[in-house]
Each structure stands twice: as C-alpha cells, then as structure tokens.
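K.L.:
Each chain is listed here by its residues.
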Amino acid sequence: MSDATLSFEEAMEKYDPVLGFEVHVELNTKTKMFSSAPNVFGDEPNTNVNEVDLGMPGVLPVVNKTAVESSIKIGLALNCKIAESCRFARKNYFYPDTPKNFQTSQYDEPIAYDGYLDIELEDGTVFRVEIERAHMEEDAGKLTHLGGSAGRIQGAEYSLVDYNRAGVPLVEIVTKPIEGAGSRAPELAKAYVAAVREIVKNLGVSDAKMERGNVRCDANVSLRPHGRERFGIRSETKNVNSLRAVEHAVRYEIQRHAAVLDSGEPVIQETRHWHEDTRTTTSGRAKSDADDYRYFPEPDLVPVVPSREWVEEIRATLPEPPAERRKRLKQDWGYSDLEFRDVVNAGVLDEIEETIIAGATASVARKWWMGEIVGRAKNADVDPGQLGVTPATIVELSKMVEAGKINNKMASAVLDGVLAGEGTPAEVVEKRGLAVVSDDGPLLEAIDAALAAQPDVAEKIRGGKVQAIGAIVGGVMKATRGQADAGRVRELILEKLGVTA
Amino acid sequence: MTETNSTELIRLSAAQLAAKLAAREVTAVEVTQAHLDRIAAVDGGERGVNAFLHVNTEEALAVAAEVDAIRAAGGQAAEELHELAGVPIAVKDLIVTIGQPTTAGSKILEGWHSPYDATVVKKLRAAKMPILGKTNLDEFAMGSSTEHSAFGPTRNPWDLDRIPGGSGGGSAAAVAAFEAPLALGTDTGGSIRQPGAVTGTVGVKPTYGGVSRYGAIAMASSLDQIGPVSRTVLDSALLQQVIGGHDPHDSTSLPDPLGDLVAAARLGNVDGMKIGIIKELHGEGYQAGVENRFNESLELLKEAGAEIVEVSCPNFQYALGAYYLIMPSEASSNLAKFDGVRYGLRVLPEEPPLTIERVMGATRAAGFGDEVKRRIILGTYALSAGYYDAYYGSAQKVRTLIQRDFEAAFAKADVLISPTAPTTAFKLGEKLDDPLAMYLNDVATIPANMAGVPGLSLPGGLADEDGLPVGIQLLAPAREDARLYRVGAVLESLLEAKWGGPLLAKAPELAASTAASSHGGSH
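From first to last, the protein sequence lines stand for chains W and D.
Residue 40 in my numbering is what sits at position 40 of the first sequence, and the numbering runs on without skipping anything.
Each number in my numbering comes from the position in the second sequence (counting from 1) with 1000 added on.
What the hints contain is simulated information worked out from the structure, not anything from laboratory work.
Note that CB positions come from ideal geometry on N, CA and C, so glycine has one too.
One thing to keep in mind: the hints can contain errors.
Here's a subset of chain W near chain D, in silico, CB distances under 7 angstroms, partners left out [said to hold, decoys possible]:
(1) T47
(2) E51
(3) L60
(4) R90
(5) P96
(6) K100
(7) R294
(8) V302
(9) V305
With a Cα cut of at most 27 angstroms, we get these calculated BS3-like pairs of lysine-lysine [what the hints assert, rightly or not]:
(10) K209/W x K238/W
(11) K478/W x K460/W
(12) K1274/D x K1302/D
(13) K201/W x K176/W
(14) K201/W x K478/W
(15) K1373/D x K91/W
(16) K65/W x K1122/D
(17) K209/W x K409/W
(18) K1397/D x K91/W
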C-alpha cells in the first residue's frame, strides 16, 4: 500500500516547501559521553560497556571533557554562540535501548545556539540555513528485532540489544525552519547535510561516515500554499542515512504532502520511515506535541561552564572551513568551475591537494585522479582515496610520461600493475617490459605497412583530411602493441605523406 | 592475649577499639567475631532486631585476619595500617558491594549482586575495615520507619515493638544494639539523623558533595548523601574522614576536602560560639519530652560558654511540601531503570501478548511496594507537561528560599540547633496507613537536604513521658561539617556527665533470640 503522490513539478506549482533538519553527529572521542568505556564501532556486542552504560543501580555519569570541546568546535564552525553555562536534562521514556529508561540530553540549555551555515548549491547559488542550536546528548543502544516481519519490533519474536553504542557522544544540530528554497528544496537538503558532514569531518571530531550512522539525518518537511505565511503540518522522516537518500526523501515527502493537501485531507503530524529500495516513506508512530518526556535538569551533573578563554583557545585552533578552503584551492589550481565541481563531487579534493604537494602540477593531478582513478574506484566500489594510489605513485608516473619513457596508455597499464601489487611504477615498467619504442626505424616500417593496408585513408590525408589520420595511427599502435609514442607516430605519418598539420 | 571478653568488646566505641587494636590488646578477628556473635544472638528470629539483611561472616573475618597478620608482622605495612583497620562496620543495603547481595530493601533487586563497589565501600576496603553485612531499610530508602522494607521491619532495640526510624533503621538499630560499632547510612530527607534520634545513636548527613554518592542507589540525586552512623560524635568524625573526599566518579562531589573533622571532634569547644535556635523547628507539633530535652541541651551549651540566639527561617514551613515534589520527581526517573530488562526481578504478564511494555509493567507492579509506587506516581505527575512549572518548578523556587533562610540564619549564628524529630519512636504499624503523618517525622531534617548543608543528630536524653531517646540536631553552613563535630562533641560530653555515662547504657538488655537466625546466606 503506497501513498498517493503528485508529480514534483505539480507540487511546486501549488505549494511552497518548508524544511527543517535534525542532524545527529556521533563524536569520535576515545571514551563515551558519560563513562570511561571505549567508544569504538564494530566490536562484539556488549563488550564496550561498563556499569554506567548498563544503567546499573548506583552509577553516576561524568561528562567527557573532550566531547564538550568537540561540541564547542562544532558550534563555532556553525557560527553559533557558545553558552556561558548550560545544563544536561533527562528525557524520560521507557524503551530497552536506553539502559536507564531516560536519555541524558540537553533540553532548554544547549551548548551552542543561534548560528548559520551558508550552503553553496550546484550552480553556485549560496543559501543561508539558520541553525537553532547544537546540543550534546548520548546515543542509545542498538536493537535488532528477529523473527517475524522485516526487522521491525512489531511482530518480532525476540529482540537483541547491543549497548556498545549506548552512551556514545552525540551532537544534535537543529536548524530553524528553512523557507524559500522552493523547487531546490531537495537539492538544498542534500547540500546542507553534505556541508555538515564535511564540517565535522574537517574538524576531526567525527568519523563522519554516514553508512556507519556517524551522521544521521531526520528531515522535517511541510508544505503551505504559495503566499501563506503559516506553516503547514510537518512530517519527520527519521534516519535518512545517505546524502542521496536525503534528497530523495525530501522530494518524496513534498510530493506526498501535496497529494494529501490536494485531496483536502489534513497532513498527519508523524514520524516517517525511509525505504531506500522503493524510495518512499511509510508512516511511523504518530507524534504530537503532547509527547511527554518529563524533561527535568539532570541532578547528577553540574552545569557545563566553558570559560570564554577556553572557547577562544578552541576557536584559534579551528581548521580552515571547507567552503573557504575550496575557494582558495580553486583559485590556486586554476580549474574551471566545471572542473572544480567535478573534482569536489568525485570526493578527491584532498587527494589532489596531496598529489600537488607531492610534486605534480594541478592539471596533471586532476587528469590522473579524474581520468584514471575515480573510474577504477567506482568499479571497485570504494572511495577513490581508498583505492591505494599514493601521491608518490602519480608523481612518478607523470614524470615517466613527461620524459617520454612511457606514453599515457602505457601509464594506465602501469597503474594497473601498481594496484595489482607488482611494485613501484618503475618496477612494473621493468617487469612488464613496457617502454616507448623511440627508434623511428621500426615505426617507419609499421607506418608503411599501415598506409599500404589502408590506401584510401592515405589518399584522404594527402587530400587535406588530416583528421582521418587516427585510423593510420591506430594501425601503427596496434602493430607496435601500444609501445609507440602516438605523437611521434603522427608526426612521422604526416612527414611521410608530405602534409603539414 | 586478651582479658576483655566479647560482651565488653561490643560496647566499646570505634575509637576505643582502634586504640586496643593498635596496642594489640585485642585482635581484629576477636573484635569482628564478637560482633558477628552479637548479630547471631539478637538480630534473627521472631523478636530479633532484624537490622541485617545479609551477614558477611566469611569476608569480614578474612579482612580481620589480614589486619591481624599485618600487625603481627610489623614493619612498614603495619605502620601504614589505617587507624580504623580491623574495626568492623555495617553497610546500609542501598550501597552496592561486590561479593554480597544489594537489595535496596526491594523485591525488585532480590538476589542481585553488584559487579562493582561503591566508592565509599572501596574506601572501607582500603582502610581494611571488615564489613559485617548489609542493613535493612525502607524500600529504596523511602520511609521513616523501615516498615517499608520488603524483608520485614527492623525493631528498635529500646523497645522491640517500636520503629527504629527510617529509612536507615537497620544501620541505626545495628549500632544501638551493639551489633556494629559503626555503620554507613544515606540521608535524603533525614534517613540517617531521624533513626539516630529514635535509637539514641549519632548520625551525620555531611555537606552535599562531601561524600561520593557513586554506588549509593539513587532515590533523589540532588538530596541524597551518604554519612556515618555511630555511638559517639568522635566515631562519626573518624568514619566521615574515611569515606569523604572528592571522587572523579561523582561530578557533584566537592573538589576540596572538608578539613580535619577528627581534630574538630577532639577539640570540642563552644566558648564564644553563637548557636541559633530555629524558631520554626520546635514548640508546636513537638512532643513535650522532646522539647524538654532540647531546652536542657541549650542550657548546657550556654553554661559551656556558647551564646544562644534565635533565628527565623520562615520558608521552612514549605520545605516538606517542596521536598515531596522534588524527591518523588527525581525518584520517578531514578527508579525507571528497574524494569526487568537487564538485571533483578523479571515478571512476565499472565496473559499474552508478551510485549516489552507489558513485561516492564508486570515486573514493576510485582517488584515495587506501595510507598515506592506512591512516590513514582507522584513524581511522574509533578514532572508532566503542563504541571511541571506549578509543581517541580515551584518546589525548586522554595528550595532557593530555604537556602536563603539558611544564609540569613548563618549570618547570625555559627551553628543552628533543633530537635531532630518531633517525637520519639512510635509503635510499629502506628503510622503505616497514614503516609502524611509518616512524612511529618522528617519536618526538621528535610531543610538541610534541601539546602545541601550538613546536619548531625546526637542523643539528647530520654523523654520524660515514654523513656525513649530524643535526638538533638546541629546544622552548619555547607562545607563547615567540622563545626558540627566541634559543638557535638561538647554537647555529648556535657550530656554524658549529666547522665553518668553513655545514653545507650540505659537501653534495656536484649534477650538472646531463641529462634535460629536465618542470616548468613543471601536473602
């Protein structure tokens, strides 16, 4: 049973979307938010826990100072004010993923508030997203529902709980309502979450891997007829955990809301579950403002009081913001808008920078990463940076090409050899017996043979259709098993035929 | 090596035992065994005191033997032994211990063993004090009579038909019945001091943060405090010195130590000190015998050179009401973890479906007693959206006003004084069906918890009308616990001179219980 939707275009004709995001960032501190248990992903269930994480009788929380520092870094990077004093609160609800049956969070006193983030859309438009707050809290454990239906608690025969994640430090970043994005709402959604992810990664405070849940997004969407000021009723799509999914989920919810509104029905305020396979959402639990978590100040913790000196110390150590860094690199490298955007989208900015530092020119670095490595990474289904190509390898390869020792095609083969573990580029060249045939004698023989094999083409070239030369060059390269310098071959053909290019 | 028999040993104070142990006049094993024998004689059976929920015989004797071995071997290790090494102690069963069950007086934790030690227990172990066992209490420390224990009430050694106070009736009764020279209690609204008052013992609620709460099962985090129970003021000072100090596991524990409390107790001097009578905490509502003993103490202090002044704390009249909003609010959240999922009792609903909500519900319905449920319901309500400001919010404002009352009072007086409880020990069952009457027992002790200031209760004599102990409460500004010991020691010696010895010497002899003790194993 799927919900009715309107086409996106039709929805946009009638309605104006308003967005809001809650992004949870898991911090990569050594220990948990309130205990000394290790904060490590992927270990055996229930091994990274102590009595505090398990909510044993008598335990008390202690705030992790590094987590506070990381939260301040995030707040500053989001242009927020940092609270002079703030408290934790208890959010009370019974659920077995929360060992104490309350979550220790910040409620009305977030550590960071009133910020903004300028988001650059694909065409270069800058859209300012206002940040309401960034607050500290602890993650819950992880439930796995087994037996019965599709991993949901409803109908499950039993559930397993892993408290390794319980108490992992989180920073929740909440936007103010985002108005005026119009049809670019889905794009903005993706760009916003991407920007937050990039910022926390750049700050070094989170591993920022969405596939591991280090960055998780809840997307709020509501529609209102054009011209109306009052917001419509919103839905909150939970745990949208990839950038693409954020874009799709917002687009889908806009289309779904539009259909509901068109039918004259009210939109239900509820949480929605995102399904990557069908790219749709389904109804979760009805959520109303009457949900009562009985918040009250956490009496086991004293207020967090970051001194202004400490905040300024932290500010002074912040790395260059990603957007400013990009602006600087684009200028330094002299890439066109399109070239630079492709590099950014391919996720090889850091790699190109390292390659340039290692001694390659900006254009050579781009050519290698975009032309050779990104494609291979895609085939191998890994990030380009994880393929195993070092900047030194690229510098060595490009120097060989420049020196005419190998041609581009051979260089590509050498790279394959390096990736196959055959050694350094020089060793691969040696082992595979690859070297450019630079003696003109064998080349001239091959050229003669190629011209003789395709007399009509030779005739065309003589007649001035120089672009036809490719076929002859191809023949020569084939005959020399690719070991010829294609540029030299071309020169020799033209010479032979008495044509000036 | 000893001429002292075990009957005499159990009547010695901790300081006296420590001196005898240091002089090697007795062994720690003899001292520990004497107390274990006493427990076996008077604690169990139909008419037993029932102060202990668990007796830790083997471990206590092993620790005692270790102390004896170290002393016997001499050398540096012997010199480095703590002053109280070998002096046994009882621990309220709200405080977690490895190797013994911890029940909090509740069915919901029956059979549960903590995987970790409370910080105070670690400190007892470091001082090599043998732990005799775990003492009875009102379930989760909720009560003023120990009648709310899921394991039966503790009896008052002065009259076995009367309550020993609560929630720490077990610790107070154990010390009053000479089953232990020392005990640990916890005090959220008077749970150390009020039992002290009605059993003729000394009990101290230290400054909030003075002793780590790590490992004390929380009732109301902002009010709870662990403290000493003893028969003399000096003994409480000795014990607080052992258990106090900053704990990195407790964010609310004070960063700096509270000074030399033992020296303050030994100094005992009130000359020129101003002692303030709190106008609102005596007179109407207080038993005549209580009032008489209170006035007598004032006279003695005046004779010793103190200046008695009167102070007014007008907001104390709202303390009880505010306390019964803040305490249950925090308790409702603190007790949420007892749900049958991770430890303790798990009860499955009788009818399907078997959902997690229903298992939690059935467990809590079966595992908690009425008083606990009453407070959880009250606290849940007080924190609910729409009521929060009116209840929890207003109560916090009252709390601030009480703190201001204390500030104003301490501007006029160095130490404040009042009766600890409005009455002497009442009969078992007398107030069980009247929660409000029960709550009124703590009217004089609650303000100290609300403000985080320290309070000490010491025996002030026997009430004329019923011959039962009356408690005198001293209160000092936060972090000035030393003042309590200084004034308390003086008053104690003046009173003892008046009675011709310790008050507990006047308590009736307890008959050795005829029924076999059920102690020794887990409950």
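K.L.:
Mind listing which of the numbered hints don't hold for this structure, in increasing order?
P.N.:
Failing hints, ascending: 1, 9, 14 and 17.
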